[in-house]
Amino acid sequence: MVAEYLSVLVFIFAGIGIVLFTFLLSKLIRPHNPYPKKNANYECAEEPVGSSWFKFNNRFYIFALIFVIFDVEAIFLFPWAVAFGELGLYALIEMIIFILILFFGLFYAWRKGALKWV
Amino acid sequence: MLEMILFASIKVVVVVAAVLTGCAYSTLLERKVVGHMQHRMGPNTAGPYGLLTPLADGLKLIFKEEIKPANIEPITYMLAPMISFVPAILTFAVIPFGKDNTFFGHDFTLVLSDLNVGVLFVFAVTSLGIYGIVLAGWSSGSKYSIMGAVRSSAQMISYEVGYGLSIVGVLIIANTLSLRELVELQMLPLWGTVSFLPNWFIFSQPLGFILFLTCAIAETNRAPFDMPEAESELVAGYHTEYSSMKFSMFFIAEYANMIAVSAVGATIFLGGWHGPFLDTMPMLSVLYFVLKVFCFMFFYIWLRATFPRFRYDQLMAFGWKVLFPLALLNTIVTAFFVIL
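Chains as they are written, first to last, in my numbering: chain A, 5 to 122; chain B, 427 to 766.
If you are wondering where the hints come from, they were derived from the structure by calculation, not from laboratory data.
There may be inaccurate statements among the hints.
Derived CB-CB ranges, DEER-like [what the hints assert, rightly or not]:
#1 A:Leu24 x B:Ala482: 18 to 26 Å
#2 B:Gln740 x A:Ile101: 50 to 58 Å
#3 B:Gly473 x A:Lys116: 57 to 65 Å
#4 A:Lys42 x B:Leu485: 20 to 28 Å
#5 B:Pro708 x A:Leu24: 58 to 66 Å
Derived BS3-like pairs (lysine-lysine); straight-line CA-CA distance at most 30 Å [what the hints assert, rightly or not]:
#6 A:Lys42 x B:Lys490
#7 A:Lys31 x A:Lys42
#8 B:Lys747 x A:Lys116
#9 A:Lys41 x A:Lys59
#10 A:Lys31 x B:Lys486
#11 B:Lys490 x A:Lys41
#12 B:Lys494 x A:Lys41
#13 B:Lys494 x A:Lys31
#14 A:Lys59 x B:Lys494
#15 A:Lys42 x B:Lys494
#16 A:Lys120 x B:Lys747
#17 A:Lys59 x A:Lys116
#18 A:Lys42 x A:Lys59
#19 A:Lys59 x A:Lys120
#20 A:Lys41 x A:Lys31
#21 B:Lys747 x A:Lys41
#22 A:Lys31 x B:Lys490
#23 A:Lys59 x B:Lys747
#24 B:Lys486 x A:Lys42
Note that beta-carbon positions come from the ideal geometry of N, C-alpha and C, so glycine has one too.
All chains, full assembly: derive it from the sequences and hints.
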């Protein structure tokens, strides 16, 4: 098993190596001629107005919270699914109760308007 | 030990080279296919039928001047392309490309590393790509970038849940997380009885397959779910301020992600490298695998040429109110069938 993870590690290093190599190569051969107007942020040819770190809709935050809950659910489902052949009916009923609770949670969030995008 | 590292390195080099070539030619394929669908020729000047276009594009991008905007966060700005590129190609570390073979007396497995948690690895690595997008948007110091990044992260995490759940049905049937074992299971006759059809999971999990396909397109930010880089409103989304090789890293990562989800879909649902006449000619398996991946890629490009972009609220509602409950339902129904 160690050998398998070793080749994954080699793969990661290869990926990083490719990126660094192309960055370096391009740094060596490309022209370099910056001036303030060129280095300004792009804003459809206007002078940029205000900071770019603006406030955004807090809907995104609510979606992130919902995601955390349901992704954890998905993680619980994976080992259950893999071991399902040995566990049988008992595990099925337990998991259905678990899923129903989460379905209820989704329904609650839905009715509360957390999934609505206004 | 040394021989092991050498073997691993050779395989890594071959796989990375194949994936990068695949990415380069997917760009050409996309432009050609979309072109012909719109009664245009597509690129046809560089080389015969435009076959050298990817090479010309790459050369052009290497020679381009890089514009670093004044108010970026330099370290994150440089790390972001790397963080989106490396996970994009890392998926291929666990995908089985073909039947085991013997070369020069060595047993040669056509998979880089046969992890026993292959499926989990794939999903973990796929979701890492989002960091690249968020960091790129945040560090660019441009309004378009950060808007694209925020949208993209919300979209990707919303479809992440459905993406993961869509294959739980397969896992219930197969009881394994190893991609190699999944492929081997799919070589048996269908449901153990129908001898002229293979046991591909697309037959026992049609709903799961459709859900997987939809979520995969949304995960890779492809049309009709390409909100993060909606050209008509966000310029280029999270990579607005990137140029030269840093831009091309994002570009390659996008296509590598596409090929990766295609390969995962082909492995989990379409039998991986499985096909007829493998006993006599084992090398055919690689061809079958490439063909299946190609079908997925063609389907993605076809969708892009056909559908207009979703509206953002529709996109989020679709993910949470349709795909997610359907995936859960698919899981429960499959579990019931397996128990009976």
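Structure-based check of all given hints:
Between A:Leu24 and B:Ala482 the CB atoms are about 24 Å apart, so this pair conforms to the stated range of 18 to 26 Å. As the Cβ distance of B:Gln740 to A:Ile101 is approximately 33 Å, the hint placing it in 50 to 58 Å is violated. Between B:Gly473 and A:Lys116 the C-beta distance comes to about 58 Å, which sits within the given range of 57 to 65 Å. In this structure, A:Lys42 and B:Leu485 meet the distance hint of 20 to 28 Å, their C-beta atoms being roughly 23 Å apart.
Between B:Pro708 and A:Leu24, the C-beta spacing of about 37 Å breaks the proposed range 58 to 66 Å. Under the criterion of a C-alpha separation no larger than 30 Å, the hint pairing A:Lys42 with B:Lys490 is consistent with the structure, at around 14 Å. For a cut-off of 30 Å, the pair hint linking A:Lys31 to A:Lys42 stands: about 18 Å separates their Cα positions. This hinted pair checks out: B:Lys747 and A:Lys116 have alpha carbons roughly 14 Å apart, not beyond 30 Å.
Only pairs whose Cα atoms come within 30 Å are accepted, and A:Lys41 paired with A:Lys59 is accepted, the gap being roughly 27 Å. Using a Cα cut-off of 30 Å, the hinted pair A:Lys31 and B:Lys486 holds, with the two alpha carbons roughly 13 Å apart. Under the criterion of a C-alpha separation no larger than 30 Å, the hint pairing B:Lys490 with A:Lys41 is consistent with the structure, at around 18 Å. Our distance criterion of 30 Å between C-alpha atoms is met by B:Lys494 and A:Lys41, whose separation comes to about 12 Å.
Note on B:Lys494 and A:Lys31: the hinted pairing holds, with a Cα-Cα distance of about 13 Å set against a maximum of 30 Å. For the suggested pair A:Lys59 and B:Lys494, the alpha carbons sit about 24 Å apart, so the restraint of at most 30 Å is met. At most 30 Å may separate the alpha-carbon atoms for a hinted pair to count; A:Lys42 and B:Lys494 meet this at roughly 9 Å. This hinted pair checks out: A:Lys120 and B:Lys747 have alpha carbons roughly 10 Å apart, not beyond 30 Å.
Under the criterion of a C-alpha separation no larger than 30 Å, the hint pairing A:Lys59 with A:Lys116 is consistent with the structure, at around 24 Å. In summary, the hint linking A:Lys42 to A:Lys59 is supported, as the alpha carbons are separated by about 27 Å, within the 30 Å threshold. This hinted pair checks out: A:Lys59 and A:Lys120 have alpha carbons roughly 19 Å apart, not beyond 30 Å. A threshold of 30 Å between alpha carbons decides the hint, and for A:Lys41 with A:Lys31 the separation of about 21 Å falls inside it, so the pair holds.
Simply put, B:Lys747 and A:Lys41 have alpha-carbon atoms about 47 Å apart, too far for the 30 Å limit, and the pair is violated. For the given pair, A:Lys31 sits about 10 Å from B:Lys490 by alpha-carbon distance, which is consistent with the 30 Å threshold. Under the criterion of a C-alpha separation no larger than 30 Å, the hint pairing A:Lys59 with B:Lys747 is consistent with the structure, at around 27 Å. Between B:Lys486 and A:Lys42 the alpha-carbon distance is near 20 Å, which keeps this suggested pair within the 30 Å criterion.
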